[in-house]
Amino acid sequence: MSVRTLAAAAVCAASLSGMTVHAAWAADPDAFKIAGVVAFSGAYGIIGEDMKRGVELAIEHRGGKVLGKPIQVTWEDDETKPQPAVQKATRLLAGGAHMIFGAVSSASTVALQSLADQRKVPLLVTISADDKITRPNGSRYTFRTSNTLGMEIRMAVEFTKAKGLKKIYAVVADYTVTREGWETYRKAVEQAGVTIVGVDYAPLGNRDYSVIIDKMAKTDADGIAVMVTGNDGVTFLKQSGQAGLGKTKVQFGPVLQDELLAAAVGPASLGVYSGVRYHFSHDNEANRKFVEAYRAKFNAWPSSFAGEAYDGMSWWLDTVESTGSWDKEKWVDAFAGSTRENSLEGKKVMRACDHQALQVGLWGEVVEGKEPLPPLTMKITNVFEPEALFPPC
Amino acid sequence: MSTIVIGLSLGLLLFLLAAGLTLIFGMLGVINFAHGSIYMLGAFIAYQVVQITGSFWVGLLAAPIIAGVLGAAMEWLALKPVYSRDHVYQLLLTFGFILVIEEAVRIFWGLDYKQVPTPDLFSQPVQLFGSSIPSYRLFILGFGTFVSVVLFLALDRSRHGMVIRAASADPEMVQTLGIRVGRIRTGVFAFGCGLAALGGAVAAPLVPIELGMGMSIIIDCFIVVVVGGLGNIRGAVMAALLLGMTRAIGYTYAPDWVDFITYLVLIVTLMVRPEGLFSRKGRTA
Numbered sequence: 000m001s002v003r004t005l006a007a008a009a010v011c012a013a014s015l016s017g018m019t020v021h022a023a024w025a026a027d028p029d030a031f032k033i034a035g036v037v038a039f040s041g042a043y044g045i046i047g048e049d050m051k052r053g054v055e056l057a058i059e060h061r062g063g064k065v066l067g068k069p070i071q072v073t074w075e076d077d078e079t080k081p082q083p084a085v086q087k088a089t090r091l092l093a094g095g096a097h098m099i100f101g102a103v104s105s106a107s108t109v110a111l112q113s114l115a116d117q118r119k120v121p122l123l124v125t126i127s128a129d130d131k132i133t134r135p136n137g138s139r140y141t142f143r144t145s146n147t148l149g150m151e152i153r154m155a156v157e158f159t160k161a162k163g164l165k166k167i168y169a170v171v172a173d174y175t176v177t178r179e180g181w182e183t184y185r186k187a188v189e190q191a192g193v194t195i196v197g198v199d200y201a202p203l204g205n206r207d208y209s210v211i212i213d214k215m216a217k218t219d220a221d222g223i224a225v226m227v228t229g230n231d232g233v234t235f236l237k238q239s240g241q242a243g244l245g246k247t248k249v250q251f252g253p254v255l256q257d258e259l260l261a262a263a264v265g266p267a268s269l270g271v272y273s274g275v276r277y278h279f280s281h282d283n284e285a286n287r288k289f290v291e292a293y294r295a296k297f298n299a300w301p302s303s304f305a306g307e308a309y310d311g312m313s314w315w316l317d318t319v320e321s322t323g324s325w326d327k328e329k330w331v332d333a334f335a336g337s338t339r340e341n342s343l344e345g346k347k348v349m350r351a352c353d354h355q356a357l358q359v360g361l362w363g364e365v366v367e368g369k370e371p372l373p374p375l376t377m378k379i380t381n382v383f384e385p386e387a388l389f390p391p392c
Numbered sequence: 000m001s002t003i004v005i006g007l008s009l010g011l012l013l014f015l016l017a018a019g020l021t022l023i024f025g026m027l028g029v030i031n032f033a034h035g036s037i038y039m040l041g042a043f044i045a046y047q048v049v050q051i052t053g054s055f056w057v058g059l060l061a062a063p064i065i066a067g068v069l070g071a072a073m074e075w076l077a078l079k080p081v082y083s084r085d086h087v088y089q090l091l092l093t094f095g096f097i098l099v100i101e102e103a104v105r106i107f108w109g110l111d112y113k114q115v116p117t118p119d120l121f122s123q124p125v126q127l128f129g130s131s132i133p134s135y136r137l138f139i140l141g142f143g144t145f146v147s148v149v150l151f152l153a154l155d156r157s158r159h160g161m162v163i164r165a166a167s168a169d170p171e172m173v174q175t176l177g178i179r180v181g182r183i184r185t186g187v188f189a190f191g192c193g194l195a196a197l198g199g200a201v202a203a204p205l206v207p208i209e210l211g212m213g214m215s216i217i218i219d220c221f222i223v224v225v226v227g228g229l230g231n232i233r234g235a236v237m238a239a240l241l242l243g244m245t246r247a248i249g250y251t252y253a254p255d256w257v258d259f260i261t262y263l264v265l266i267v268t269l270m271v272r273p274e275g276l277f278s279r280k281g282r283t284a
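Going line by line, the protein sequences match chains R and F.
Counting from 0, one number per residue, gives the positions in the first sequence under numbering that gives the first Met the number 0.
Counting from 0, one number per residue, gives the positions in the second sequence under numbering that gives the first Met the number 0.
By construction, these hints were calculated from the structure, which means they are not laboratory data.
The beta-carbon is built from N, C-alpha and C at its ideal position, and this holds for glycine as well.
One thing to keep in mind: the hints can contain errors.
Stated by the list, open to error - Derived pair list, reagent style DMTMM-like, types lysine to aspartate or glutamate, alpha-carbon separation capped at 20 Å:
id	chain 1	residue 1	chain 2	residue 2
1	R	378	R	317
2	R	246	F	111
3	F	113	R	48
4	R	80	F	119
5	R	296	R	284
6	F	113	R	367
7	R	64	R	76
8	R	68	R	78
9	R	80	F	102
10	R	162	R	364
11	R	51	F	111
12	R	186	R	130
What the hints assert, rightly or not - Examples of chain R residues toward chain F, derived with CB under 8 Å:
id	residue
13	60
14	62
15	63
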């Protein structure tokens, strides 16, 4: 036997023994390991910490265990970029993670989706909203328990009709997803007899909307559709407030405001309407308990990121528990088509055809909050039923 | 007419943001990558001072002073030893400043958005030429004009300005005359940092104050510096106004072409007149 043959045999033996050890370890793991890959820095850096809080509370509320083993979450920062998201998730999967939780940006989530499918590991999404993440006959291993952008656009359509707005001027973030969302909105409201009097596309990261605001102010539009979000939405509302645009026109957007963003805008956010992914004021027993526990632990009102993360992770862990098995395929089969009667937002149904949770849509207005509420708080004005928001698979 | 007013205010805001960069670039030959971070720091300082004192005007005064002191320390401790070395060391050093400043801001103020309200005096819009113009824009217009005139007179017409320009053109000669060039360099860097922070404080009521805000302005600043000519304050004003008017008119009549035209001007300048469209040979300010 040559030295080379001996070496090859040794490598094979080592690999086989490793596989045996791995298989044995997988059958009786010492912990349920979660790869938490979210944004702690970058454009969405502010979101990751709240998601982490939501997940930690969900785990705490079940005694820190699932399937009789302790739950162990390892958090990694994807810097709001797809490449670090995949690199860090890959490393955590190599360390034996049983599932991935994340990411924040849709680009990172889509990248994680490919990894989850390759490794046959469940991916739980609780914030990324790109419609393509959950599509019919899409990823077997990806589940989203939170809103889609399409759903939020449909809420904006329903709001436009309910508010009786007749003429709309829009500002739209100049990238594919929002342009597609705008087209969906435009077609739907035009069918309802609403006139589009103007639209401007602003580059992402635009710092000055004064010209667009001046154009809007000169029209007879009664509604301003603001299809920009995050920093851009804050910048627009701060500058439209200085021009007094909100005094004569209704400003609204599918993902325009929550308490965090309203605080960044200041008083100019009063009277602005927006879709809301989760809200602490939603009135049901599960939400009351969660909000109470969250405030006791973190001394703050839960944001939509925290609420959605808590809700999604609680639902997922209950499902895993119900299988009584460490077989990931059984978890996936059980979650697809499952129903969560007592979610923070009422009943949610995980659609088997696209792994998207059907749920109500919340729509609210920024109002002045009285203690102990934040000074600028969302008041839920409309609750839209899932039938109006989700097209059939 | 309102388009012209908006264009002028856009231009003068751009000038306030870019003035410090062009000054440091022109006088010291240092490309200060940390300019955007100091602009961000200026906005955060203004926010903090407004929180403590309740006055935007105190914040507007404090931000450039604090950033100027910090800039002097940065120059004296870190930049001075690398003047004689290759430019790449200065680039790396200012890049390092970005990391340090951003981490410090994250530790002190966290990741969430901060808000500086529009000062009461300029919180209401005014009717002008049939349009509702935010009065804060008019303040920027007036303040930007004031700063540009003061800078121009200080650098181009005063004895101190002459010494600064001389120290930039021939430091050895100025040194032999008994003038301490090192101090002039420290002063210029501190002043440039102060201007960046002033830009941040002025922009604070217009934009969300957050950790990434510095990165969003740096490209516009470099366009102003390149088109206006290195270290040329008059050129920077003209370039900023050109850019502001292009955006105001462009977004009104041909919004899809605005960025194309802006970058075309930059490319043409670099190809045809790399010293800047508004430079005069033999002058640095």
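Verification of the supplied hints:
no.: 1; hint: R:378 to R:317; in the structure: violated (31 Å)
no.: 2; hint: R:246 to F:111; in the structure: violated (28 Å)
no.: 3; hint: F:113 to R:48; in the structure: holds (17 Å)
no.: 4; hint: R:80 to F:119; in the structure: violated (40 Å)
no.: 5; hint: R:296 to R:284; in the structure: holds (18 Å)
no.: 6; hint: F:113 to R:367; in the structure: holds (18 Å)
no.: 7; hint: R:64 to R:76; in the structure: violated (24 Å)
no.: 8; hint: R:68 to R:78; in the structure: violated (31 Å)
no.: 9; hint: R:80 to F:102; in the structure: holds (19 Å)
no.: 10; hint: R:162 to R:364; in the structure: holds (12 Å)
no.: 11; hint: R:51 to F:111; in the structure: holds (16 Å)
no.: 12; hint: R:186 to R:130; in the structure: holds (18 Å)
no.: 13; hint: 60; in the structure: violated (26 Å)
no.: 14; hint: 62; in the structure: violated (31 Å)
no.: 15; hint: 63; in the structure: violated (27 Å)
The earlier numbered hints that this structure contradicts are 1, 2, 4, 7, 8, 13, 14 and 15.
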